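K.L.:
These are the residues of each chain, in order.
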Amino acid sequence: MIDVENLNVFYGRGAQRFHAVRGVSFRVARGETYGLVGESGSGKSSVLNAIAGRHTDWTGSVRLDGTSVDPMRRTTVDRRKIQIVFQDPYGAIHPRHTVGSTIAEPLEIHGLPDPGATVERLLAQVCLPPRFRWRYPHQISGGQRQRVSIARALALDSPILLLDEPTSALDVSVQAEVLNLLQDLRSERGLTYLMVTHDMGVVGHMCDRIGVMRDGQIIEELTREALIAGRVAHPYTKELRETALLVG
Amino acid sequence: MNEPILSVRNLNVTFPGLGRVTHAVRGVSFDIGNEKVGLIGESGSGKSLTGRSIMRLLPKAAIPRADRLRFDGREILDLPEAEMRHLRGHRIAMILQDPKFSLNPVMCVGDQIAETCRIHLKLGRQDARLRAMELLEKVHIRDPERVYPLYPHEVSGGMGQRIMIAMMVVARPSLIIADEPTSALDVSVRAQVLRLLDELRSETATGLLFISHDLNLVRRFCDRVIIMYAGRIVETLPAARLHEAEHPYTQGLLAALPRLDRPVDRLAVLRRDPTWTEEVAP
Amino acid sequence: MTDMAVPSRRHRLHAWLVDEEVTSGRQARAQQWYRGFRSLTSSPVAVLGLLIVAALILAALFAPWLATHDPYRQDLTLTLLRPSAEHWMGTDELGRDVWSRLVYGARTTLYITILVTVIVGPIGFLIGAVAGYAGGWVDVILMRVTDILLAFPSLVLALAFSASLGPGIGNAVLAIALTIWPPVARLARAETLTVRNSDYVAAARLQGASMGRIIRRHILPICLPSIIVRLTLNMASVILTAAGLGFLGLGAQPPIAEWGAMAASGREYLIDAWWLTTFPGLAILTVSMAFNLLGDGLRDVLDPRNG
Chain R
1 MIDVENLNVF
11 YGRGAQRFHA
21 VRGVSFRVAR
31 GETYGLVGES
41 GSGKSSVLNA
51 IAGRHTDWTG
61 SVRLDGTSVD
71 PMRRTTVDRR
81 KIQIVFQDPY
91 GAIHPRHTVG
101 STIAEPLEIH
111 GLPDPGATVE
121 RLLAQVCLPP
131 RFRWRYPHQI
141 SGGQRQRVSI
151 ARALALDSPI
161 LLLDEPTSAL
171 DVSVQAEVLN
181 LLQDLRSERG
191 LTYLMVTHDM
201 GVVGHMCDRI
211 GVMRDGQIIE
221 ELTREALIAG
231 RVAHPYTKEL
241 RETALLVG
Chain V
249 MNEPILSVRN
259 LNVTFPGLGR
269 VTHAVRGVSF
279 DIGNEKVGLI
289 GESGSGKSLT
299 GRSIMRLLPK
309 AAIPRADRLR
319 FDGREILDLP
329 EAEMRHLRGH
339 RIAMILQDPK
349 FSLNPVMCVG
359 DQIAETCRIH
369 LKLGRQDARL
379 RAMELLEKVH
389 IRDPERVYPL
399 YPHEVSGGMG
409 QRIMIAMMVV
419 ARPSLIIADE
429 PTSALDVSVR
439 AQVLRLLDEL
449 RSETATGLLF
459 ISHDLNLVRR
469 FCDRVIIMYA
479 GRIVETLPAA
489 RLHEAEHPYT
499 QGLLAALPRL
509 DRPVDRLAVL
519 RRDPTWTEEV
529 AP
Chain L
531 MTDMAVPSRR
541 HRLHAWLVDE
551 EVTSGRQARA
561 QQWYRGFRSL
571 TSSPVAVLGL
581 LIVAALILAA
591 LFAPWLATHD
601 PYRQDLTLTL
611 LRPSAEHWMG
621 TDELGRDVWS
631 RLVYGARTTL
641 YITILVTVIV
651 GPIGFLIGAV
661 AGYAGGWVDV
671 ILMRVTDILL
681 AFPSLVLALA
691 FSASLGPGIG
701 NAVLAIALTI
711 WPPVARLARA
721 ETLTVRNSDY
731 VAAARLQGAS
741 MGRIIRRHIL
751 PICLPSIIVR
761 LTLNMASVIL
771 TAAGLGFLGL
781 GAQPPIAEWG
791 AMAASGREYL
801 IDAWWLTTFP
811 GLAILTVSMA
821 FNLLGDGLRD
831 VLDPRNG
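Sequences listed follow chains R, V and L, in order. Anchor point for the first sequence: position 203 equals 203 in this note's numbering, and the numbering is continuous, going up by one each time. Anchor point for the second sequence: position 121 equals 369 in this note's numbering, and the numbering is continuous, going up by one each time. Anchor point for the third sequence: position 204 equals 734 in this note's numbering, and the numbering is continuous, going up by one each time.
Be aware that one or more of the hints could be misleading.
Derived DEER-like restraints, expressed as beta-carbon distance ranges [to be verified]:
id, chain 1, residue 1, chain 2, residue 2, range
1, L, R568, V, R519, 29 to 39 Å
2, L, I653, V, H338, 54 to 64 Å
3, L, R559, V, D391, 51 to 61 Å
4, R, I219, V, P353, 45 to 55 Å
5, V, E382, L, R568, 50 to 60 Å
6, R, E242, V, Q499, 16 to 26 Å
Here are some, though not all, of the chain V residues that point toward chain R, as calculated from beta-carbon distances under 10 Å [what the hints assert, rightly or not]:
id, residue
7, H334
8, H338
9, R507
These are computed hints drawn from the structure, not numbers from a lab. Owing to the predicted nature of the structure, the values given are computational and were not obtained by experimental measurement. The beta carbon of each residue, even a glycine, is placed where N, CA and C say it ideally should be.
So here's chain R without its partners, still in its complex pose (with noise of 0.2 Å):
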């Protein structure tokens, strides 16, 4: 579903040219959700920019469903196959549209039909009652500003979620309620995650497949089973791993 093949990304131009990520490949299956971790820097944010269209000075190969996108330009067959989860839930919902308007907005720009029945069909979707409609998001708790972006995120039916560490900013009852509806969302709607976080407990209850990141590289690859039973290569990743033991 998600084809990524020796992707550079750079920032800056000239002598300050920086090369972010350094020939990262990895595949993801239809269904699957995969993990990419690491700590600020790391690059890991920079790969999900670039899959995502955000950042546009990059090289290398990215395939979604098939087709190949290119930097510069995306179709809007390319935009409607995938969408952002971020991470922060007060910068990612626009502090003057009402909660309805933020989710019709990606009906509206594709001139979906509807989007009123829509909207009231995704806040259900997300579990939150019909009347959030009408709520500013200052009126709204962090949670539930993260469960109206995953709706804007799922208005266009896109297959593919990139989820930009969706709970960090989250209490912990308030992520594990956030983790469960993504899960729940993933089987009923057959969906493709990618997401990137440092937390590795998140990791290794969501992904199927994780993706070590230090310096713009992926160091090691591993299975959820292969990380819960310790079975990992590099000194880097045991001492990641260990953040997310309680027993000591």
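Mind docking chains V and L on chain R? Use the hints.
P.N.:
Then chains V and L, alone, in the frame of chain R:
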């Protein structure tokens, strides 16, 4: 038992608002001796307000009240502002999540440490500078010469926290209040900062109030854990026995945490019981 | 508020405006407005500004009823009369009633400020938002033009424009508008830069929203409050500039009642007839101060950083 460094009894913080009064901290009581106490809670639980009450750095609208808020045998809430300022600089230190807010933005970090040396150790300009260099080295900054002239916005989060700690090494506070000091840091840097805090504490008797939402971290770093919910303390227990928590809220938090050592198909969702907010902690 | 036992219409309206269970888009918007109005009226200074501005608008609307005389009728037998029961603010050198001219002058003042604002607001926003959002050479060109206009004192520039366009109210409006859009454009650009890279704009862009749509739907609501505040604060300087142009004979032409021109014509009689300059001068002072107070109040209400 010795006199605790900090003793809090029945602390309340209220926000008088339009029409209704918000009761953010409700009857909180605890003591801190020479130990690391973790204060855990979710956003809105009142954990940060509790820490700020001790520093008397509450938002203007907040009204703190307590039967006792005693530090070093003195009632904090009654102290005049000038003495409180002295206390803050010398006896109680605070580390915030973002060190940029605690450092002077228009003074290079080295000079800020040197300034602390001049005030506390009564050193001359030259000596203070040398001492600041030593301190930068002591908090494991590899290249003090390069870091000294940097301004706070030029240093990374982990570096900033280390500089804060360097200043504390000089001031030798007997109580440190750390409010999410490592939440913005990467795993490897986090470990270093925590180790530094430990080193600092090992030299003199220091109480540490470690405010965090990270159960794993507090469980491993602290001696004792206080769990707050909706402005109240629901449970206090030794960190090593966190997994034996009795209160349903603590149990719920632990169950909601995705863990590698206990994989589940579906995370348990915390069911909030309205009686938790009424119950008074023993 | 005091009598809770009887649920009157007013109470129901109030309940509708503060109820957290919002049931329609209309109610959501009404609640936003209501909260803004409540916080605006909680500041006595802003209320004072609002009252004076309201008085100005009422005076302009009901000028024919408020005026005691025809503002244009000259009577050379009644020149330079002191304020009296018959002529509340005295008469001018042509025997016209100063009070009546002042009331009609409110119309001119309001006409100029509203027209200038209506011209400047959209132009300034559009230039600033496009420059900020598009970036690159578009930004460079638009901002250099803005900088050039900013480099001149606005009264001098307005003088130059109205001198070349010729005297008259319409041209004065145009001249003032040409001089005061640059700060608005700068403001709009600065605000645009802060939201350009936000996640919600990124989300809209990744969904395929056009630049026009992003500017209209995402950037405008963020810029609008500060632009409204800026324009309100600007009104004081618009009034002063208009009065200045009128004073120099480049604004409203006689016999139109305009405060600046009135003050100017009274200059020759300053010693003998103080009322000719004092009352228009006071009117200019009061109204421009009121707009300033209102602008400050609006800033406290609208600025998201204070929310």
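K.L.:
Just pull the numbers of the violated hints for me, sorted ascending.
P.N.:
4, 7, 8
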